[in-house]
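2 protein chains.
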Amino acid sequence: MGLAALLVVLAAIYIAAKGLGEAAERLGQPAVLGELAAGVLLGGSALALINPAEHTLHILAELGVLILLFEIGLSSDLQQLLRVGLQSLVVALAGMLFPFLLGWGVMAALGYSSITSIFVGAALTATSIGITARVLADMGKIGSPEAQIILGAAIIDDVLGLVVLALVKGLAEKGSVSVGSVVGMSLLAVGFFAAAVTAGQLLAPQLVKIASLMRVRGVLLVSCISFAFVLSAAADAAGSAAIVGAFAAGLVLARTDRRVHIQESVRPLADFFVPIFFATAGAAVDVRYLDPSDPQRRQGLLLTALLLAAALLGKWLSGFFAYKKGTRLRRSAIGIGMIPRGEVGLVFAGLGLATGVAHADTYAAIVVVVMLSTFAAPPLLRAALG
Amino acid sequence: MGLAALLVVLAAIYIAAKGLGEAAERLGQPAVLGELAAGVLLGGSALALINPAEHTLHILAELGVLILLFEIGLSSDLQQLLRVGLQSLVVALAGMLFPFLLGWGVMAALGYSSITSIFVGAALTATSIGITARVLADMGKIGSPEAQIILGAAIIDDVLGLVVLALVKGLAEKGSVSVGSVVGMSLLAVGFFAAAVTAGQLLAPQLVKIASLMRVRGVLLVSCISFAFVLSAAADAAGSAAIVGAFAAGLVLARTDRRVHIQESVRPLADFFVPIFFATAGAAVDVRYLDPSDPQRRQGLLLTALLLAAALLGKWLSGFFAYKKGTRLRRSAIGIGMIPRGEVGLVFAGLGLATGVAHADTYAAIVVVVMLSTFAAPPLLRAALG
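First to last, the protein sequences are chains P and Z.
Residue numbers for the first sequence follow numbering that gives the first Met the number 0, so the first one is 0 and each next one is one higher.
Residue numbers for the second sequence follow numbering that gives the first Met the number 0, so the first one is 0 and each next one is one higher.
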């Protein structure tokens, strides 16, 4: 895409995202719902103005989710995250196990093959942290114990989701996986976050100190952004997810004495980049899958409805595994916070289609479940936490 | 370029640009000189870490120069620009005529063909406003009458530079140009700025008012950015330069009552994007052209030296055509402010090579003159305005 076309597309994204975001807000819904709807409107199934697969737009969207997670990290409290760490781990594991079992069960009951059933179950496991984090931030609830458990669980979930993806990919392509490589991958991915936070806590105060001594403009912001970008690239290289690095960077910079300054200057960057992420996420949705007047689609609606129930129920149940001594947790809200699926679910769907493990009906069902879970979570979460 | 590679490249750009920018500042030089040097260091002639022709980086750099000009527009005073409009026009025309005549004269005297001489003369005409605007901003001198004349002249220059490019392109490819198309292009390009400012003055207050009524976050910033992007795309479509649209957008938004708020939120965006522009501009420089130990290059050094003299002298002389009643203008500073050449000069050089009008020696000479003018202007300007 050339520059002039990109400028028009970005302006269209901002106008639609803020317009529909405002409408959502006035209707008592989270603004992010409007931004997703803006993406659907601008995407292939309606105006066809934006193509989320286009390279430059995709890169800007990826920068958007990194900056979002960096900003969320900056507003989070490492001490509290660690305090709720065990709850988060339990919720994350339960939140992967239940959707997997339910999804697998639905498929097996409908007579699908064992490998297809495993594949669909796995596709329902990974939470999309972006949506939930944004809703929590918009509601000013990032600091609540529920939000911290959700964030921790979603981070763990994101990391484990990549491990599951690698596992299922091996299974689909070769029919088997090596246990050693799975264990190695898991340790590397989980270990990265601990290493990044530990090393980051030593480096971040030095970075902020050096930036304070410099006279040229914008040093503090670009130093912190560089730190977040390097940690993101390192996370990616370590076999973890890039957003884990961005979140870790925000988390350790939040503990420096320049936290407020950093937050203030990151905010306009987030305002610029984050709507691009949500709009392209919305644009990836093809509304034709939801057309009940098409007889070919009607058959798939049962499958879709059952998988959607599995996806919602599985995550909702996981919230009840959260327990914190002396605190009355809204466990329902925790499970609901884990509901949104996103990119990883769509990656599973695409991979299934490519390897022949999933056919067109299963593919469509996964895509619809991913998008409905994404649209359903914000209002449900708002109701549960509100 | 994939996401992880881009993240590392951006972090490298920020670290090198701010490090060398700080060094330049401590040595009493403008920070932008350090950012350009960072680009040379990271570019093909040294570390080869960044490739300015890579699509994503190029797009981010283009967004950088648009946001820079938008920010400069926000700090400019439309009334004052119009008051100095005539001076700017005279300086712009003189600043295109002298370098053209001197460049053409040097080439003709050295025995080059008539078409090559015209081509090289034309390549020396277009000022790169980015460098000068940044130096003026860093010095806090954007509001001075000299700066306003320079900015006005550079804007006119940028627009006329594109007309000259179209003219020379037609000449090189077909051996002739249609007078009608040149006149039409000139009118369209110059008329765009007037139309954009007139229409913008009506729209900008409405835009700011609507944004103020909305509750979702970041509305004012992305509304203003959308406005700037749409005007930039319109400028491009109208046959003018995109940066003219961005500058016009800043200019009219500066006259609204939210000017300070807009400036505050655009600042971090500029901090993020602008160093990418200067670093890639530096990375386009190939320092091997400056190696006097290479006998093949030594022959070209005379040509280069003469063209550099033509480029510096031609723009410097143009400053003396500025005249403002009742104001003692530092005319030297105005001419020096017009010295930096940039992208358009490099486009001329590339076009010359592609059409066979310029051979390797002439190409190298133009590239070296463009880069030396860029590096020479900031310290000279600082000295002249200081």
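Any given hint might turn out to be false.
Covered, in the sense of this in silico footprint (three residues per stretch, anywhere, with C-beta under 8 angstroms from a C-beta of chain Z), are these stretches of chain P [to be verified]:
no., stretch
1, 47-58
2, 150-161
3, 232-245
4, 296-308
Taking beta-carbon pairs under 10 angstroms as the criterion, some of the chain Z residues facing chain P (in silico) [to be verified]:
no., residue
5, Ala4
6, Ile14
7, Ala16
8, Ile58
9, Ala108
10, Val218
11, Ala233
12, Ala253
13, Thr255
14, Asp256
15, Val259
16, Arg266
The hints are simulated quantities; they were obtained by calculation from the structure and are not laboratory data.
Keep in mind it's a predicted model, so treat the numbers as computed, not measured.
Glycine residues also receive a C-beta, built at the ideal position from the N, C-alpha and C atoms.
The hints, checked one at a time:
With 3 residues carrying a beta carbon less than 8 angstroms from a beta carbon of chain Z, the stretch 47-58 of chain P meets the three-residue requirement, and the given coverage holds. Judged by the Cβ-Cβ criterion of 8 angstroms, the stretch 150-161 of chain P is not covered by chain Z as claimed, because only 0 of its residues qualify and three are needed. Under the rule that three or more residues need a Cβ within less than 8 angstroms of chain Z, the assignment of the stretch 232-245 of chain P holds, with 4 such residues. Taking a C-beta to C-beta cut-off of 8 angstroms, the stretch 296-308 of chain P contributes 0 residues in contact with chain Z, too few for the three needed, and the coverage statement is violated.
At a threshold of 10 angstroms, the smallest CB-CB gap from Ala4/Z to chain P is about 8 angstroms, leaving the interface hint in force. The interface hint given for Ile14/Z holds, since its Cβ lies 6 angstroms from the closest Cβ of chain P, which is under the 10 angstroms cut-off. A cut of 10 angstroms between beta carbons decides the hint on Ala16/Z: the least distance to chain P is about 8 angstroms, and the hint holds. Contact between Ile58/Z and chain P, as hinted, is supported at the beta carbon level, the nearest pair being about 5 angstroms apart and thus within 10 angstroms.
Taking 10 angstroms as the C-beta contact cut-off toward chain P, the hint placing Ala108/Z at the interface is violated, the least distance being around 39 angstroms. A distance limit of 10 angstroms between C-beta atoms decides the matter here; for Val218/Z the minimum to chain P is near 5 angstroms, and the interface restraint holds. Nearest Cβ of chain P to the Cβ of Ala233/Z: about 9 angstroms, under the 10 angstroms cut. The hint holds. Look at Ala253/Z: its Cβ only gets to about 18 angstroms from chain P, farther than 10 angstroms, so that hint breaks.
About 18 angstroms separates the beta-carbon of Thr255/Z from the nearest beta-carbon of chain P, more than 10 angstroms, and the hint is not met. Restraint check, Asp256/Z versus chain P: the minimum CB separation of about 19 angstroms is more than 10 angstroms; hint violated. Because the beta carbon of Val259/Z sits about 14 angstroms from the nearest beta carbon in chain P, more than 10 angstroms, this interface hint is broken. A least Cβ separation of about 8 angstroms between Arg266/Z and chain P falls short of the 10 angstroms threshold, and the interface hint therefore holds.
When each numbered hint is compared with the structure, violations occur for hints 2, 4, 9, 12, 13, 14, 15.
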